[in-house]
Amino acid sequence: MATDDMCSSSSTTTTKKKQQQEEESGLSTTHEERCRRCFEEWMQLQREDLTHLLESLHQPTNNNSQETNNTTSTVIRNCISHFDHYISKRNLLAQEYPSPLFAPTWCTSLEKSLLWMAGCRPSIFIRLTYALTSCSTEPLTNDGDNKNSDSFIGIGELSPSQMTRVNGLHMRTIKAEQKLTDELASWQEELADDPIAVIVAKGDCGDEVVMNNEEAEMALKEHEKVMGEVIGKADKLRLNTMKELVLEILKPTQALQFLVASKKLQLSLHQWGKRRDEKQRRIRSYRSISH
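Each residue of the sequence shown is one higher than the last, beginning at 1 in full-length UniProt numbering.
Do not take every clue at face value.
[Claimed, not checked] Lysine-lysine pairs mimicking DSS-like chemistry, simulated, CA-CA at most 30 Å apart:
| # | residue 1 | residue 2 |
| --- | --- | --- |
| 1 | 263 | 233 |
| 2 | 175 | 279 |
| 3 | 233 | 251 |
| 4 | 233 | 175 |
| 5 | 112 | 89 |
| 6 | 221 | 89 |
| 7 | 274 | 236 |
| 8 | 225 | 243 |
| 9 | 89 | 236 |
| 10 | 243 | 233 |
| 11 | 236 | 263 |
| 12 | 221 | 179 |
| 13 | 89 | 264 |
| 14 | 112 | 233 |
| 15 | 236 | 251 |
| 16 | 264 | 225 |
| 17 | 89 | 233 |
| 18 | 263 | 89 |
| 19 | 279 | 179 |
| 20 | 179 | 112 |
Just so you know, these hints were derived from the structure itself, not from any lab.
Could you build all of it, start to finish, from the sequences and the hints given here?
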C-alpha cells in the first residue's frame with residue numbers, strides 16, 4: 001500500500017513538473033507557435049488536397065458521367081472549404097496579434113519575398129488562369145514524373161463568356177488590391193507621423209529609447225488592431241476571388257486543373273525556398289569555418 005502511495009505521489013509530482021515546464025516554455029512563444037502550427041497544418045492539408053485532386057483528375061472515364069461530375073464537385077468544394085477554414089483560423093490569430101503574420105518566421109525567405117498583406121496577391125489566381133489557358137505543359141503525375149500519363153496541367157481555351165468574366169474579375173481584384181495597399185500605407189504613415197514621432201521628440205535627449213509611454217502604447221495597440229483588420233480584408237479578397245473563379249466561372253474540369261496547378265505552385269515554392277535557405281546556411285557555415 002505504501003509503495004502504491006509513493007508511486008502515486010511520484011507520478012503526481014512528475015505531472016506537475018511537466019505542466020509547469022510546458023507553461024513556462026509557452027509563455028513567450030504561444031502565439032507564434034500557434035501561427036506556425038496553423039501554417040504547417042495548412043501546408044499538410046494542401047498536400048492531401050492535391051492527392052485527392054489528382055485522383056479525381058486521373059480517374060478513368062465511365063458511363064456514369066453524373067457520378068464523375070459529383071465526385072469532382074465534391075473534391076473542389078472541399079478544397080475551397082479548407083481554404084475558408086484556414087482563413088478563419090488565421091483571422092482569429094490576427095485579431096490577437098497580427099505583426100508575426102506580416103513577417104512570418106515559419107515561411108522561407110523566398111516565400112516572404114512574395115508576400116502581399118501576409119499572403120499571396122489575389123490577382124495571382126487570375127494570372128495563373130491566363131497562364132494555364134495559353135501554354136501546353138508537361139504531363140502531370142503526383143510525384144512530378146511526366147511519364148506514362150495522359151493528363152496535362154492546362155484548363156484549355158476559355159469561352160468568350162468565360163474570358164469576359166475572368167477579365168472583369170481581374171480588373172475588380174486589382175482595384176481592390178490597390179485600395180488595401182493604399183489603406184495600409186496610409187496607416188503606416190500616420191503611425192510614423194503622429195503620435196509616435198511627437199512622443200519620441202518629447203523624450204529626453206540622453207534617452208536612447210522612449211520606454212513605458214502610455215500614449216505610445218495606445219497608438220501601437222490601435223496600429224495592431226488596424227493591421228489585424230487589413231489581414232482580414234485581404235484574406236476575404238483572396239477567398240472571394242478564388243470562389244468566384246473556381247465555383248462560378250470555370251467548368252468543373254477546368255477548376256480541377258486550376259486547383260492542381262495552384263497547389264503545386266505553393267508547395268513547390270515552399271520546397272524551393274527551403275532548399276535555397278539551406279544552401280545559404282551551408283555557405284555561411286563554410287565561410288565561418290574557413291575564416
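Cross-check of the supplied hints:
A threshold of 30 Å between alpha carbons decides the hint, and for residue 263 with residue 233 the separation of about 22 Å falls inside it, so the pair holds. In summary, the hint linking residue 175 to residue 279 is not supported, as the alpha carbons are separated by about 38 Å, beyond the 30 Å threshold. Our distance criterion of 30 Å between C-alpha atoms is met by residue 233 and residue 251, whose separation comes to about 27 Å. With a C-alpha separation of about 14 Å, the suggested pair residue 233 and residue 175 falls inside the 30 Å cut-off, and the hint holds.
In summary, the hint linking residue 112 to residue 89 is supported, as the alpha carbons are separated by about 20 Å, within the 30 Å threshold. With a CA separation close to 21 Å, the supplied pair residue 221 and residue 89 stays within the 30 Å bound. Of the supplied pair hints, the one linking residue 274 and residue 236 holds, its CA atoms being roughly 28 Å apart against a limit of 30 Å. Proposed proximity of residue 225 and residue 243 is supported: the alpha carbons are some 27 Å apart, at most 30 Å.
Of the pairs offered as hints, the one joining residue 89 and residue 236 holds, with about 13 Å between alpha carbons and a cut-off of 30 Å not exceeded. Of the pairs offered as hints, the one joining residue 243 and residue 233 holds, with about 15 Å between alpha carbons and a cut-off of 30 Å not exceeded. Restraint check: the Cα-Cα separation between residue 236 and residue 263 comes to about 19 Å, which is no more than 30 Å; the hinted pair holds. Note on residue 221 and residue 179: the hinted pairing holds, with a Cα-Cα distance of about 23 Å set against a maximum of 30 Å.
Distance restraint check for residue 89 and residue 264: the Cα-Cα separation of roughly 23 Å lies within the 30 Å cut-off, and the hinted pair is therefore satisfied. Our distance criterion of 30 Å between C-alpha atoms is met by residue 112 and residue 233, whose separation comes to about 19 Å. A threshold of 30 Å between alpha carbons decides the hint, and for residue 236 with residue 251 the separation of about 23 Å falls inside it, so the pair holds. A C-alpha spacing of about 34 Å is found between residue 264 and residue 225, which places the hinted pair above 30 Å, so the restraint is violated.
With a C-alpha separation of about 14 Å, the suggested pair residue 89 and residue 233 falls inside the 30 Å cut-off, and the hint holds. Using a Cα cut-off of 30 Å, the hinted pair residue 263 and residue 89 holds, with the two alpha carbons roughly 19 Å apart. Restraint check for residue 279 and residue 179: the C-alpha separation of about 38 Å exceeds 30 Å, so the hint is violated. For the hint pairing residue 179 with residue 112, the CA-to-CA distance comes to about 22 Å; that is within 30 Å, so the pair holds.
Violated hints, in rising order: 2, 16 and 19; the structure is consistent with all others.
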